[in-house]
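K.L.:
Protein chains in written order, with the numbering used here: chain L, 1 to 89; chain V, 1 to 456.
Mixed in with the good hints, there may be bad ones.
[Claimed, not checked] Computed beta-carbon distance windows for the label pairs:
| no. | chain 1 | residue 1 | chain 2 | residue 2 | range |
| --- | --- | --- | --- | --- | --- |
| 1 | V | S455 | L | A70 | 44 to 52 Å |
| 2 | L | G49 | V | E83 | 21 to 29 Å |
| 3 | V | E9 | L | V59 | 23 to 31 Å |
| 4 | L | A70 | V | N218 | 25 to 33 Å |
| 5 | L | A70 | V | D300 | 30 to 38 Å |
| 6 | L | G49 | V | N218 | 35 to 43 Å |
Simulated from the structure, these hints should not be mistaken for lab results. All C-beta atoms, glycine included, are put in the ideal place defined by N, C-alpha and C.
Each chain, written out:
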Amino acid sequence: MTDLNRRSFIKQTSVGAATLGLLSSLPALAAISDSPQATMPEVPAAVFGGPMIAHVTDVAKGEVALLVGAREIIFRDLPLVTRLMKAAG
Amino acid sequence: MSSHREAPEISKDPVADNTDVYAFVSPDNANMVTLLMNYIPLEGPAGGPNFFEFGDDVLYEIHVDNDGDADDDITYQFRFQTELRNPNTFLYNTGPINSLGDPNWNKRQFYSVTRVEEHGKTTVLAEGLASPPCNIGPFSTPNYPALAEAAVHRLPTGETVFAGQRAEGFYVDLGSVFDLIDLRPFQNLHVNPLPAAAGVNGTNRLNIHTIALQLPKNMLTSDGSYPSNPNDPRSLIGVYASASRRKATILNGDAEIKEAGPWVQVSRLGSPLFNEVMIPLAKKDFWNAQAPKNDSQFLDFVQHQEVPFRLTNFYPGVFPNLAAYTKPRADMVAIFLTGIPAGIIPGFQNFTGNTLADLLRLNMAIPPATAPNVLGILGGDLAGFPNGRRVFDDVFTIELRALAGATIHLVDPSFTPDANASKFTDGLDPSKINSPFLARFPYLGVPYDGFDNPSS
């Protein structure tokens, strides 16, 4: 991945990741959530205090398992997964 | 082995490999129950300079079910943290270690203890508890028993805990068992006969790491009572231990390891040898990841065991009645999955209900034996395996004989055990362990030191 592409990727995916960070702070959304809209809310810094790993578990459904702290948040975001797939080449 | 390196994946992860679990009414205080869970199989005592230790990245748990549903009612969690005093030496210690705070000891480990109750109430009972060092040798650890004694911690909440190296207490002739069950005392009867010989303890002079917990019986019962009636279901607990790792690990290539996600169980153990000999290779890793309450999916492996089939093949003509027995093994189901119902063994039961689960079931109302028999209930000693498990119980021989048909008649009177079923053994007893068991907590012997073991 070139620097330009990498920066572009980070810019794009950080939008989804930030959204998910907010989602993860809401207990009601611990189960599968659909997040088709990529927005940039303010995210508490504590959410990103440790490593955060996104595991695309189902490309076709846009399903992602977000591992952060001792939690696993499963959500669906097809646009995000599509961008990740493009970034993966 | 009991559960040492018993499954493909966990055999590559010794720090998380749960090798043995013990649960017994404490022989030196019958109001207390002792639970031990061992990890890190086959520690060579001289294995420095990075001597054995618990994993900082592993969640160690011992689980107790006290109402018969095979679900956790009480769980004790243990988490470890390693501290390096001097990053500029390759040595574990730079002089003799005379106390747990000795500045000569470079790499120390501390741990926390947390109690979790059924509905999620979580209480951190202690933090920063010191583990003892490994037993290095007479110059490094000149008074090892005193170091270990100093690492016995009595918590204000009533529990006593210890976490550290001990001598391996499980004895078995590994070499003969894995050489096609060619048990030396009976190898004259084997399909490839050799003169009968004495057993060889394959785990002798090796160490393990144990997490030991002792607590009053009433801290384990569902209603806080002290059990006194063996027939009362409230006298029973089912115990298993586990090890878990985080779901994801990132290696950055700079020695920094990052982890994230929930804990995922990678090892578990209730009854000795369950995963080892009952579950086929292709299912062992999966079994390790499952909760005992889901063990009905493994029922067929318990009812139709492989070991009896192999015995009848490797020992032709020795077990004719066993060879002809084709019914599902109800005795195995009772011993390993439900507990033994009342009415089968006079004065005893540890039946926890119809939920099938591999748990080590202890009837806490049975007092410690005044003259213990290492064959436990098979030897007429109701305080021994499979009523829980004591450190000295000869669980290999007990299970071998049961698998050979010695217990079928207890649930199926139409069956007559073969004459050799109640004689079969690998020829070992606790006298084949060089470091003797202790009469007090944590009961497992002083670990072998690396200077003297091996000695030649």
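K.L.:
Taking the CB of A70 of chain L and the CB of N218 of chain V, does the distance hold inside 25 to 33 Å?
P.N.:
holds, 32 Å
K.L.:
If you check the beta carbons of G49 of chain L and E83 of chain V, does the distance land in 21 to 29 Å?
P.N.:
With Cβ atoms ~22 Å apart, the hint holds.
K.L.:
With 44 to 52 Å as the target window, see if S455 of chain V and A70 of chain L comply at their CB atoms.
P.N.:
Given about 46 Å between the Cβ atoms, the range holds.
K.L.:
Could you tell me whether the CB distance from E9 of chain V to V59 of chain L stays inside 23 to 31 Å?
P.N.:
26 Å Cβ-Cβ, so the 23 to 31 Å window holds.
K.L.:
With 30 to 38 Å as the target window, see if A70 of chain L and D300 of chain V comply at their CB atoms.
P.N.:
holds, 35 Å
K.L.:
Kindly confirm whether 35 to 43 Å is satisfied by the beta carbon distance between G49 of chain L and N218 of chain V.
P.N.:
Holds - the Cβ-Cβ distance for G49 of chain L and N218 of chain V, about 40 Å, lies within 35 to 43 Å.
Of the hints listed earlier, there is not a single one the structure fails to meet.
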